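Q: Go by the hints and put chain A onto chain S.
Top line first, the protein sequences correspond to chains S and A. No gaps in the numbering here: position 36 of the first sequence is 36 in the numbering used here, and each next residue is one more. No gaps in the numbering here: position 91 of the second sequence is 251 in the numbering used here, and each next residue is one more.
No lab work stands behind these hints: they were computed from the structure. None of the values given here were measured: they were computed from a predicted structure. There may be inaccurate statements among the hints.
[Stated by the list, open to error] Distance condition first, Cα-Cα at most 20 angstroms in a straight line; then the derived PhoX-like pairs of lysine-lysine: (1) A:LYS204 to S:LYS52; (2) A:LYS212 to A:LYS284; (3) A:LYS212 to S:LYS107; (4) S:LYS44 to A:LYS268; (5) A:LYS212 to S:LYS108; (6) A:LYS267 to A:LYS204; (7) S:LYS124 to S:LYS52.
[Unchecked claim] Negatives, chain S to chain A, calculated, CB over 10 angstroms: (8) LEU8; (9) ARG13; (10) LEU15; (11) ILE25; (12) HIS31; (13) GLN35; (14) THR71; (15) ARG79; (16) LEU82; (17) LEU116; (18) LEU151.
Built from N, CA and C at the ideal position, the CB exists for glycine as well.
Number of protein chains: 2
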Amino acid sequence: MTKTKRVLTLFLRFLAIGATLAAVIVMVTSHDSSQVLNLTFTAKYSNEQAFKFFVIAEAIACGYSLILLLTFSQTSLWRLVLILDVVIAMLLSSSVSAAVAIAHVGKKGNTHAGWLPICGQVPKFCNHVTGALVAGFSAAIIYFLLIFSSLYSVQNTLFL
Amino acid sequence: MTKTKRVLTLFLRFLAIGATLAAVIVMVTSHDSSQVLNLTFTAKYSNEQAFKFFVIAEAIACGYSLILLLTFSQTSLWRLVLILDVVIAMLLSSSVSAAVAIAHVGKKGNTHAGWLPICGQVPKFCNHVTGALVAGFSAAIIYFLLIFSSLYSVQNTLFL
Chain S
1 MTKTKRVLTL
11 FLRFLAIGAT
21 LAAVIVMVTS
31 HDSSQVLNLT
41 FTAKYSNEQA
51 FKFFVIAEAI
61 ACGYSLILLL
71 TFSQTSLWRL
81 VLILDVVIAM
91 LLSSSVSAAV
101 AIAHVGKKGN
111 THAGWLPICG
121 QVPKFCNHVT
131 GALVAGFSAA
141 IIYFLLIFSS
151 LYSVQNTLFL
Chain A
161 MTKTKRVLTL
171 FLRFLAIGAT
181 LAAVIVMVTS
191 HDSSQVLNLT
201 FTAKYSNEQA
211 FKFFVIAEAI
221 ACGYSLILLL
231 TFSQTSLWRL
241 VLILDVVIAM
251 LLSSSVSAAV
261 AIAHVGKKGN
271 THAGWLPICG
281 QVPKFCNHVT
291 GALVAGFSAA
301 IIYFLLIFSS
311 LYSVQNTLFL
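With the rest of the complex left out, here is chain S (with noise of 0.2 angstroms):
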C-alpha cells in the first residue's frame, strides 16, 4: 500500500467515525413533546424499534473504526477487514433505510393504513431525526468508499 493510499483510508476511517459518532448523539439526543387534547404527547428516539436499531448500528460502526485505527498497523489482516468493512456497509445501509422508511411515515403518514403524521406536533424531533440520518447516510458512502479503496489497490492495476 502506497503512504497516498494509506493516508487516504485513514482520513476515511476519521470521517466514518466523526459521521458514525454525529449520527449517534443526533439520534439519541432527539426529543420533544406537545399538548393533543389536554394530553402530553412525548416523542423520542427509543419510542421506535427502527431507530433503536439505527442507533446500535451506528455505535458499532464507530466502535470498529476506532479499533481499527488502534490495530491500523497490521496490513496483513486486509482481507479481513475487508470482509468486516462489507459486513458494516450492509449494516449501516440497512439501519439507515429501516430509519428513513419510519421517519417517512411520521413525516407524510400514510393513508391507506389510517397512519397520520406526527412532525406537526414535534417538528423539533423530526429535525433532529433528520439530521441523524444524514450523518447515517454519509456514514454508509464512506464506508463503500472504503471498500471500493481496499478493491483497488489489492492489486496495483486498473479495472479491467
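A: Just chain A now, kept in the frame of chain S:
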C-alpha cells in the same frame, strides 16, 4: 479460479436469482381487503413506498445476476463484479430493512405515534409480505456469501 469455486459461484448466482425473483413475485401478488365500518379497506404493496423500493431493489438484483450469468466467462472483470456485488448487497439489505420496519408497524403498530396495527384486518396481505421479506433477506445473505467467496479466491491464501 478452480472448477469447484466456479461451480459454487454459479450455484450461488442461481440461488440469488431464485430468491430475488421469489421476493418480487410474492410481494407484487400480495393483496387483501376487509370491511371496516361499511368501508372497504384494501391493502396492497404499492400503497407503501418502502414496499415499492423493496420490489425495485429485488428486481434490479435479479436482472444484474441474470446479465452476469450471460457474461460469466469474462473472469478478468472480477474487480468490477465484486464492486457491483457490494453495491447490490447494500441495496438489498437496505430495501429489506425498510420493508421490515414498515411491516413491523403494520403488525404491532406504534402506540406512541398512534399508528394502529393492520394485520388483524388483512392477514393474507401480511403473510404474503412476510414471505417476500424472508426471500429478500435470503437474497442479501447469498450476495454476502458471493462477496465472501470472491474475496477468498482473490489469492489462494487463507486469512492471515
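Q: Is LYS212 (chain A) within 20 angstroms of LYS107 (chain S), Cα to Cα?
A: 18 angstroms, holds
Q: When you look at the beta carbon of LEU82 (chain S), is every beta carbon of chain A farther off than 10 angstroms?
A: Violated, since 6 angstroms does not exceed 10 angstroms.
Q: Would you check whether the claim that ILE25 (chain S) is not at the interface survives, using Cβ distances to chain A and the 10 angstroms cut-off?
A: Nearest chain A Cβ is 22 angstroms from ILE25 (chain S), so the label holds.
Q: LYS212 (chain A) and LYS284 (chain A) were given as a pair; does the straight-line alpha-carbon distance stay at or below 20 angstroms?
A: 18 angstroms, holds
Q: Does the no-contact call for LEU116 (chain S) survive, Cβ to all of chain A over 10 angstroms?
A: For LEU116 (chain S), whose nearest Cβ neighbour in chain A is about 6 angstroms away, the distance does not exceed 10 angstroms, so it is violated.
Q: Given the hinted pair LYS267 (chain A) and LYS204 (chain A), is their Cα-Cα distance within 20 angstroms?
A: 15 angstroms, holds
Q: Hey, does LEU151 (chain S) actually stay past 10 angstroms from chain A on C-beta?
A: 6 angstroms, violated
Q: Beyond 10 angstroms from every chain A Cβ: check whether that's true for ARG79 (chain S).
A: 6 angstroms, violated
Q: For the pair we were handed, LYS44 (chain S) and LYS268 (chain A), check the Cα-Cα distance against 20 angstroms.
A: 18 angstroms, holds
Q: Report holds if the minimum CB distance from GLN35 (chain S) to chain A is greater than 10 angstroms, and violated otherwise.
A: 15 angstroms, holds
Q: Just double-check ARG13 (chain S) for me: nearest Cβ-Cβ distance to chain A has to come out over 10 angstroms.
A: 18 angstroms, holds
Q: Could you grab the alpha-carbon distance between LYS124 (chain S) and LYS52 (chain S) and see if it respects the 20 angstroms cut-off?
A: Since the Cα atoms of LYS124 (chain S) and LYS52 (chain S) sit roughly 18 angstroms apart, the hinted pair holds (cutoff 20 angstroms).
Hints 1, 15, 16, 17 and 18 from the earlier list are contradicted by this structure; the remaining hints agree with it.
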